[in-house]
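Line by line, the protein sequences give chains R and V. Here the first sequence is numbered in the numbering used here, starting from 45 and rising by one per residue. Here the second sequence is numbered in the numbering used here, starting from 45 and rising by one per residue.
One should not assume that every hint holds.
Unchecked claim - With a cut-off of at most 25 Å between alpha-carbon atoms, the simulated BS3-like pairs for lysine-lysine come out as follows:
#1 R:258 x V:258
#2 V:536 x R:468
#3 R:275 x R:71
#4 V:468 x R:536
#5 V:76 x V:258
#6 V:275 x V:71
To be verified - Pair ranges (Cβ atoms, derived):
#7 R:295 x V:443: 42 to 48 Å
#8 R:160 x V:545: 23 to 29 Å
#9 R:258 x V:112: 51 to 57 Å
#10 V:389 x R:261: 50 to 56 Å
#11 V:468 x R:160: 39 to 45 Å
#12 V:319 x R:188: 18 to 24 Å
#13 V:562 x R:524: 35 to 41 Å
#14 V:320 x R:188: 20 to 26 Å
#15 V:315 x R:520: 54 to 60 Å
#16 R:261 x V:320: 40 to 46 Å
#17 V:275 x R:527: 40 to 46 Å
#18 R:164 x V:562: 26 to 32 Å
Read the hints as simulated data drawn from the structure, not as lab findings. In this text, all values refer to a predicted model and were calculated from it rather than measured experimentally. The beta carbon of each residue, even a glycine, is placed where N, CA and C say it ideally should be.
Number of protein chains: 2
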Amino acid sequence: MSLSHTSSVSDTQSQNDRVLGPRFREKITSAKAAARLVQPAATVGLSGFGGANHPKAVPPAIARLADEQRAREGHHDYRLGLLTGASTARGADGVLADAGAIAWRVPYNADAELRRQINDLEVDYVEVHLSRLAQQVREGYFGRMHTAIVEVAGITADGELIPGSSLGNNQAWLDEADQVILEVNSWQPIELDGAHDVYQNLGLPLNGTPIPLKHVNQHIGSPHLHVPIEKVVAVVLTDLPDESPAFTDPDADSRAMAGIILDFFEHEVKAGRMPADTLLPLQSGVGNVANAVLASLATSQYRGLNCYSELIQDGMIDLIDSGVVGFASATALALSPAKFEQVKKNIGFYRDHIVLRPQEISNNPELIRRLGVVAMNSMVEADIYGNVNSTHVNGTRVVNGLGGSGDYGRNGYLSVFMSPSTAKGGAISKIVPFAAHIDHTEHDTQVLVTERGLADLRGLSPVRRARTIIDNVAHPDYQGALNDYLERARAKGGHVPHLFDEAFEWYARFERTGSMLPQ
Amino acid sequence: MSLSHTSSVSDTQSQNDRVLGPRFREKITSAKAAARLVQPAATVGLSGFGGANHPKAVPPAIARLADEQRAREGHHDYRLGLLTGASTARGADGVLADAGAIAWRVPYNADAELRRQINDLEVDYVEVHLSRLAQQVREGYFGRMHTAIVEVAGITADGELIPGSSLGNNQAWLDEADQVILEVNSWQPIELDGAHDVYQNLGLPLNGTPIPLKHVNQHIGSPHLHVPIEKVVAVVLTDLPDESPAFTDPDADSRAMAGIILDFFEHEVKAGRMPADTLLPLQSGVGNVANAVLASLATSQYRGLNCYSELIQDGMIDLIDSGVVGFASATALALSPAKFEQVKKNIGFYRDHIVLRPQEISNNPELIRRLGVVAMNSMVEADIYGNVNSTHVNGTRVVNGLGGSGDYGRNGYLSVFMSPSTAKGGAISKIVPFAAHIDHTEHDTQVLVTERGLADLRGLSPVRRARTIIDNVAHPDYQGALNDYLERARAKGGHVPHLFDEAFEWYARFERTGSMLPQ
Numbered sequence: 045m046s047l048s049h050t051s052s053v054s055d056t057q058s059q060n061d062r063v064l065g066p067r068f069r070e071k072i073t074s075a076k077a078a079a080r081l082v083q084p085a086a087t088v089g090l091s092g093f094g095g096a097n098h099p100k101a102v103p104p105a106i107a108r109l110a111d112e113q114r115a116r117e118g119h120h121d122y123r124l125g126l127l128t129g130a131s132t133a134r135g136a137d138g139v140l141a142d143a144g145a146i147a148w149r150v151p152y153n154a155d156a157e158l159r160r161q162i163n164d165l166e167v168d169y170v171e172v173h174l175s176r177l178a179q180q181v182r183e184g185y186f187g188r189m190h191t192a193i194v195e196v197a198g199i200t201a202d203g204e205l206i207p208g209s210s211l212g213n214n215q216a217w218l219d220e221a222d223q224v225i226l227e228v229n230s231w232q233p234i235e236l237d238g239a240h241d242v243y244q245n246l247g248l249p250l251n252g253t254p255i256p257l258k259h260v261n262q263h264i265g266s267p268h269l270h271v272p273i274e275k276v277v278a279v280v281l282t283d284l285p286d287e288s289p290a291f292t293d294p295d296a297d298s299r300a301m302a303g304i305i306l307d308f309f310e311h312e313v314k315a316g317r318m319p320a321d322t323l324l325p326l327q328s329g330v331g332n333v334a335n336a337v338l339a340s341l342a343t344s345q346y347r348g349l350n351c352y353s354e355l356i357q358d359g360m361i362d363l364i365d366s367g368v369v370g371f372a373s374a375t376a377l378a379l380s381p382a383k384f385e386q387v388k389k390n391i392g393f394y395r396d397h398i399v400l401r402p403q404e405i406s407n408n409p410e411l412i413r414r415l416g417v418v419a420m421n422s423m424v425e426a427d428i429y430g431n432v433n434s435t436h437v438n439g440t441r442v443v444n445g446l447g448g449s450g451d452y453g454r455n456g457y458l459s460v461f462m463s464p465s466t467a468k469g470g471a472i473s474k475i476v477p478f479a480a481h482i483d484h485t486e487h488d489t490q491v492l493v494t495e496r497g498l499a500d501l502r503g504l505s506p507v508r509r510a511r512t513i514i515d516n517v518a519h520p521d522y523q524g525a526l527n528d529y530l531e532r533a534r535a536k537g538g539h540v541p542h543l544f545d546e547a548f549e550w551y552a553r554f555e556r557t558g559s560m561l562p563q
Numbered sequence: 045m046s047l048s049h050t051s052s053v054s055d056t057q058s059q060n061d062r063v064l065g066p067r068f069r070e071k072i073t074s075a076k077a078a079a080r081l082v083q084p085a086a087t088v089g090l091s092g093f094g095g096a097n098h099p100k101a102v103p104p105a106i107a108r109l110a111d112e113q114r115a116r117e118g119h120h121d122y123r124l125g126l127l128t129g130a131s132t133a134r135g136a137d138g139v140l141a142d143a144g145a146i147a148w149r150v151p152y153n154a155d156a157e158l159r160r161q162i163n164d165l166e167v168d169y170v171e172v173h174l175s176r177l178a179q180q181v182r183e184g185y186f187g188r189m190h191t192a193i194v195e196v197a198g199i200t201a202d203g204e205l206i207p208g209s210s211l212g213n214n215q216a217w218l219d220e221a222d223q224v225i226l227e228v229n230s231w232q233p234i235e236l237d238g239a240h241d242v243y244q245n246l247g248l249p250l251n252g253t254p255i256p257l258k259h260v261n262q263h264i265g266s267p268h269l270h271v272p273i274e275k276v277v278a279v280v281l282t283d284l285p286d287e288s289p290a291f292t293d294p295d296a297d298s299r300a301m302a303g304i305i306l307d308f309f310e311h312e313v314k315a316g317r318m319p320a321d322t323l324l325p326l327q328s329g330v331g332n333v334a335n336a337v338l339a340s341l342a343t344s345q346y347r348g349l350n351c352y353s354e355l356i357q358d359g360m361i362d363l364i365d366s367g368v369v370g371f372a373s374a375t376a377l378a379l380s381p382a383k384f385e386q387v388k389k390n391i392g393f394y395r396d397h398i399v400l401r402p403q404e405i406s407n408n409p410e411l412i413r414r415l416g417v418v419a420m421n422s423m424v425e426a427d428i429y430g431n432v433n434s435t436h437v438n439g440t441r442v443v444n445g446l447g448g449s450g451d452y453g454r455n456g457y458l459s460v461f462m463s464p465s466t467a468k469g470g471a472i473s474k475i476v477p478f479a480a481h482i483d484h485t486e487h488d489t490q491v492l493v494t495e496r497g498l499a500d501l502r503g504l505s506p507v508r509r510a511r512t513i514i515d516n517v518a519h520p521d522y523q524g525a526l527n528d529y530l531e532r533a534r535a536k537g538g539h540v541p542h543l544f545d546e547a548f549e550w551y552a553r554f555e556r557t558g559s560m561l562p563q
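The following block holds chain R by itself, in its conformation from the complex (with noise of 0.2 Å):
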């Protein structure tokens, strides 16, 4: 039995319906209690993922707790190491940063002040490939996890979890958890029930299996999670609705780089390397560029295109509206509320062109190299050799995180990554001689694009790399000086030529004198 499409159970009705299962009626507390269970130094397992479906309730209430123990004794004891799929919102990660209350944060962060901490290095931030951080939280590289605190949109009558807007992490984190904290979110869309596919027989090496997936479109797991009741101490009822980040609309740079993907396709369709009607599956990063390449496919005459991302974004619910997408497979659906409405109402319909996987399968190097995934990803900076930094402003301070851009970025049938040309009014470049941080190296980056244009660096040795980078997509302003480092570069000579006494010399210039550019 269960709390599907066609049970009778409606977001109308009271939260309390949203639990069936009698077991797990009988942990119902309330937020404040369930926080009391949190150890102050607990390594702690988080959903949540690009803003969505993380928990709400218990998260807020530990934060009181610190701030009410500070209040008391001047200090408070909490030091958590809080892991999550991806991102959550201000209403996780921004209250326990701003009760101070991590010490240390895995895999990735988008909150402003918890951002600032990390920058200050008042908290430990690891950054890891999405698809491989549950494996390293089974195999202990983060010790035990003390608590799990997972939000679902429901818990059926056979005590089956039925997932909310993301599922990132959360079945690995009910796996490895010692106690887990439920929140049962009536604001979450029990209509989406169904289209999750919790494929979690990923085993351990040795025993493991290829993982069946070779469509876009395919399930081969559960519509639900599980969890033994026994390991169950509170259940929370919630009705907050998700914080997924808002966009921008796209600026003119954004516009011109997404044209030049469209003719980029058009190009590889000609050489025969993407088939005409569908393309190949394509992964879009987070951001607004990427979110303005997916908005230029509305006016392309693509159909049926297929998406093998982490996000599902609203414009990507446009797209499956308009036909453009025939099918989109993701960790998370990071929606607008007047978006997550429109897709409630017509759940009917975009059940049959959405998943929702974990993000060890949506981000996984064997299915993203199988099925032929186009990685389109923003970057901070690339060198004109094609290494790119996708996370560290200057080299040292950290924006978001690697996230997955990695996983697919090294394992997508193409990797594009984006940028303009410049910031800053053109105070910066970003094509730098030497980039300050690499987070994916020359042997992984095939396509740059900025508003100039595309380096198309495949099949190209360094020294060609370099010259197609500065000619097609560093800014006019800045191409004198690359092309004078590349040529006193090649006099000395080497395979990759550089002059390291200057290699970095631009981030000083842009310290010293506000611009990179030479004065």
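Once you've looked at the hints, dock chain V against the given chain R.
Positioned in the frame of chain R, the structure of chain V alone reads:
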């Protein structure tokens, strides 16, 4: 019908008996005549991996044609593009480089003269993850392949090709080239027939299916290579041995690192992360350090280990003899002539313990991850955050190339990188503030080993990684300077602290003073 171990043909019979297919016999010709069929600006795919199984007659004949033209006309027209499995030897890369006949080279080289030409920017050199090259050629990244020159051990009456001591990209080159020259080498042990597993059903994306390999010792393909007779323009008979590189006996540093790694295996067994009896499948890179690790296994208590690697070298045969290794999968058998004789004489035994696969399979990310391979590879240097340089001394001059280090390092269950802590009698530290070339980012390097100890980086944030590396694997002479760099960088803040005005200064100091040691 095949020339298998049950056939009447042995290597004591005439070379001509290795070519049973009548339509192939008609094409037997001289190396010089075959060489004339290769256009001077052709893109050529050679067999060959790790000094094993490269064509030994036609490349020298091409070099002679170039030399003759130069003697005659003062210059020659030879500007070949050369693609292989991995390294060949003097008899292929070497003689062609000597003749100045190579314009560009993909994906790996170990020849000294060709290395000089690459670093002097006379030859374009493109390093590619070894697992990915065949796919990139199929996709046309390197244009049409005009000619494949593939060495085999024999040709059956049915026209099937019996492979020699490596598989590499041989089937891919036979598939992709416009014309094919076969070298049938009677030195190649025909007795190996049945030990190859040519799985080539990789298809293009969207047609991809799971690769059905679940165990290191499984056969999933054909024992033979296939080529349409219409494409074969010449068959050349040879009788020349492979030129696999010799290893020196392990020195004290290598023995120390091997001991450290064996201790680590015990630690992992105790932590429940590796089976006590057979550990996990081992991959061991090229070089003396990797060889020393294998040698040290000989005196261990392990029995029935599995290896899933690129190369089977002499040491591996000894481990199979003693029962320490139960099964070894690779793409090349790079043995000394004496070892090869031993293998040929006891082929019935070794055929149960060895399989050779195409490098798309031996180095396949899907399989390396599924099997849980422990990847152990040498490095040029690492920086304090665990970014690893595998290829370029001082960041500019390539040694050999990326090879399979990324295939295994990125996808292995564990990735270990190894090097003595210093070079040039202590004048160079292998642990530096910022690696001058990065092949493997901090997200893909989990364990560093030097003769000083082991840095276990799993689950650590950047600053913790730095402290672990400096304390455990840096040489004591450099620990002070590295700690000083780290602490002053930390004072400036940032998730990955750096001082960019001095990050590369150690290289300049070495150039200036002959030592990286602070003066």
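* To do: Take a quick look at whether residue 468 of chain V and residue 536 of chain R sit within 25 Å of each other, Cα to Cα.
  => Roughly 22 Å between the alpha carbons, so the hint for residue 468 of chain V and residue 536 of chain R holds.
* Asked: So the hint says 50 to 56 Å: do the beta-carbon atoms of residue 389 of chain V and residue 261 of chain R match that?
  -> holds (55 Å)
* Quick one: are residue 160 of chain R and residue 545 of chain V within 23 to 29 Å, going by C-beta? -> holds (25 Å)
* Asked: Holds or violated: are the alpha carbons of residue 76 of chain V and residue 258 of chain V at most 25 Å from each other?
  -> Violated, because 45 Å separates the two Cα atoms, which is more than 25 Å.
* To do: Could you say whether the range 40 to 46 Å given as a hint is met by the Cβ separation of residue 261 of chain R and residue 320 of chain V?
  => Since residue 261 of chain R and residue 320 of chain V have Cβ atoms about 43 Å apart, the given range 40 to 46 Å holds.
* Honestly, do residue 315 of chain V and residue 520 of chain R meet the 54 to 60 Å range at C-beta? -> About 56 Å separates the Cβ atoms of residue 315 of chain V and residue 520 of chain R, which means 54 to 60 Å holds.
* Asked: If you draw a straight line from the CA of residue 275 of chain V to the CA of residue 71 of chain V, is it 25 Å or shorter?
  -> holds (11 Å)
* Keeping to a limit of 25 Å between CA atoms, is the pair of residue 536 of chain V and residue 468 of chain R held or broken? -> holds (22 Å)
* Using the beta carbons of residue 320 of chain V and residue 188 of chain R, state whether their distance is inside 20 to 26 Å or not. => holds (22 Å)
* How does the Cβ-Cβ distance of residue 319 of chain V and residue 188 of chain R compare with 18 to 24 Å: does it lie in that range? -> At 22 Å between Cβs, range holds.
* **Distance restraint evaluation - residue 258 of chain R, residue 112 of chain V, Cβ atoms, bounds 51 to 57 Å** => Given range 51 to 57 Å: holds, Cβ gap about 54 Å.
* residue 295 of chain R and residue 443 of chain V, beta-carbon distance inside 42 to 48 Å? -> holds (45 Å)
Comparing the model with each numbered hint stated earlier shows that hint 5 is the single one that does not hold.
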